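First to last, the protein sequences are chains G and D.
According to this note's numbering, the first sequence is numbered sequentially starting from 1.
According to this note's numbering, the second sequence is numbered sequentially starting from 1.
FYI, nobody ran anything at the bench for these hints, they're computed from the structure.
Since we're looking at a predicted model, the values are computed, not measured.
Glycine included, each C-beta is placed from N, C-alpha and C at the ideal position.
A few of these clues could be false.
Simulated restraints on C-beta separations [said to hold, decoys possible]: (1) Gly-340(D) / Ala-127(G): 37 to 43 Å; (2) Phe-17(D) / Arg-37(G): 51 to 57 Å; (3) Gln-68(G) / Val-186(D): 37 to 43 Å; (4) Leu-485(D) / Leu-140(G): 45 to 51 Å; (5) Leu-240(D) / Gln-68(G): 34 to 40 Å; (6) Asp-202(D) / Glu-138(G): 25 to 31 Å; (7) Phe-17(D) / Ala-127(G): 30 to 36 Å; (8) Glu-118(G) / Met-197(D): 30 to 36 Å; (9) Ile-137(G) / Ser-188(D): 39 to 45 Å; (10) Lys-287(D) / Leu-56(G): 52 to 58 Å; (11) Ile-137(G) / Leu-240(D): 43 to 49 Å; (12) Ser-188(D) / Leu-56(G): 27 to 33 Å.
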Amino acid sequence: MTRIRGQKDLGIGAIYFALGLAGFIIARDYSFGTSGRMGPGYFPTIISGLLILFGLIAMLRGLLHEGQPIGSINWKGLALITLSVCAFGYLLETAGVIVALLALILISAAASERFRFELRAAIGLVAFIIVCAVIFIEGLGVPMPLLGEWFK
Amino acid sequence: MDIFANLWLGFTVAGTFYNLFYCLVGVFLGTAIGVLPGLGPVATIAMLLPITFGLPPESALIMLAGIYYGAQYGGSTTAILVNLPGEPSSVVTALDGYQMARQGHAGRALSTAAIGSFIAGTISTIMIAVFAPALAAVALQFGPAEYFSLMVLGLIASIVMASGPLLHALGMILVGLLLGMAGTDVNSAVPRYTFGMPLLSDGLDFVVIAMGVFGLGEIIANLENEADRSVMTKRVTGLLPSKEDWKRIIAPILRGTALGSLLGILPGGGAALASFGSYSLEKKFAKHPEEFGKGAIEGVAGPESANNAGAQTSFIPMLTLGLPSNSVMALMIGAMIIQGIQPGPSVMTEQPTLFWGLIASMWIGNAMLLVLNLPLIGLWVRMIAIPYNFLFPIIIVFCAIGVFSVNNNAFDVYMMAIFGVVGYVFRKLDAEPAPMLLAFILGPMMEEFLRRTLLFSKGDPSVFVTRPVSAGLLIVAAVLLIAVLLPSVRKGREKAFQEE
């Protein structure tokens, strides 16, 4: 198997192609209409078609031309940051904002190479959560429960 | 004179205690977040946008504009003190500004940047007041065909300043347009790309996309190389430029202002292009070009004035045509829509207090920056010194709570997480997300203008080239596209981005 020469072109091309194809297939359920009376499917179909075209060109370029490799991917950061935000979303309405913030900060902070437990950082964390709760709930009136239904 | 009457109206609006307060808050928060390395104006505005939802439209826009030029200014401070430009427009400031700081002239570099920005801000505020009404008058004659062509031009122009291959940037525009289609079609009430989820029936929220892509995506990318930063924590002394300095900086400031104002108006231009242009211009004009890159004060004065002027005048197309020339302006348009204001030429006639209040507040904001920042420099230095591993969880907290507060819905938080991944992947593949955000906001408007144009012409697309203004706009777009494809321009463009 030969080495893929333009990894970035091929990668983005595949994404464009997949998005375009999905957009195109879904848009077939919407009436296309005519140019004079554009239906809800008219514009999406054109956009998706162009996206498929661009995807193909980019993939072709990736196969034929020398390009830069993608380079190392920060899997740890990607996974932990995404997880932390999702955990926040889930815990906010179930466990309340205090637990949700705690989870968000600890999980995301673990994505850093320099993450370690320190007493000063822990105190800072508690203070920060209290300040956040006061500013956002009391000050700006964001309707977040301090403690969620889990504690009731 | 009309202009003076209008500006007077603006100052009476911007000068109320309430609006002065929000201007100050915006400028302060913008600078504070702008000095933090790794957070540019786009992420800053996206993060703070939800705070402004509850404010009246004037105050909200005044505060957002304050955040914008505050963040610009803060970015320059970081560029000078840490050699870490937070945004493309302060890349060139770092070249000579950081060298000046290393030689112990941090104070002079900072004050030069502040004075240059203020002079540029003053001149470009007047320019906006003069040119915006004229442009709006022209724009009022525009029909749907002209608007469609104008938006095509805006999108094409946005890729000129996008880094990475042209093909990738063009694709990002299409992705943005497609994302903009999600939600209920205004004409037929058919839900499109909602996957049966009622939460998507209003479409995706641009705050969610902006925070995901520019906030989370950037953080994940930044975590790849957690390099140590050497902060110039030495006491910053000698804040005021000497008499000799004044002589050296005044011409570069004026040239930078002229260049920046001009480039800022062009769609796709804005601050970054202006600062690059000004730097090479000053190098040509300088008596000692060999000093450039080694701490030439002209290399700070010119680009800093240019990027502030460009940042200001990029409001002109946004306010008069409803056309965002960069992602910050795209966010401003989004903010206007949330406030229930339809962006376009009618804003000036229907909302004169908003329009002129915003313009007057820009000058007030710039004055505040000048007065505030030099004394507060110690605070900024301390903020820069916060290590990134403490900083980024805090940023994520603000993003998460901010996104939640838009609709008070956890669904948006999950969507933001998804767009964080999307943003990181696109960055890894050299596809810059800024054109995508622009296209996302313009997408629904473009579809509507296309529909109306074709309805009037009974399905004949040739109106786009037979109506002179529309044809002219499309020709400019085509020329721009060809120009970017030309090998010589392409090389220059790549070189400009490699210097970052």
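Cross-check of the supplied hints:
1. Taking the beta carbon of each, Gly-340(D) and Ala-127(G) are about 38 Å apart, inside 37 to 43 Å as hinted.
2. As the Cβ distance of Phe-17(D) to Arg-37(G) is approximately 53 Å, the hint placing it in 51 to 57 Å holds.
3. A beta carbon spacing of about 42 Å between Gln-68(G) and Val-186(D) agrees with the range 37 to 43 Å that was offered as a hint.
4. The given range of 45 to 51 Å is respected by Leu-485(D) and Leu-140(G), whose C-beta atoms sit roughly 48 Å from each other.
5. Range check, Leu-240(D) to Gln-68(G): about 46 Å between beta-carbon atoms, so the 34 to 40 Å window is missed.
6. In this structure the hint that Asp-202(D) and Glu-138(G) lie 25 to 31 Å apart at CB holds, the actual value being about 29 Å.
7. Between Phe-17(D) and Ala-127(G) the Cβ separation comes to about 32 Å, which falls inside the hinted range of 30 to 36 Å.
8. With their beta carbons about 42 Å apart, Glu-118(G) and Met-197(D) fall outside the hinted range of 30 to 36 Å.
9. Distance hint check: the CB atoms of Ile-137(G) and Ser-188(D) are about 41 Å apart, consistent with the given range 39 to 45 Å.
10. Taken as a hint, the range 52 to 58 Å holds for the pair Lys-287(D) and Leu-56(G), whose Cβ atoms sit roughly 54 Å apart.
11. Separation of Ile-137(G) from Leu-240(D) is about 45 Å and conforms to the stated range, judged on CB atoms against 43 to 49 Å.
12. Taking 27 to 33 Å as the suggested C-beta distance range, the pair Ser-188(D) and Leu-56(G) conforms, at roughly 30 Å.
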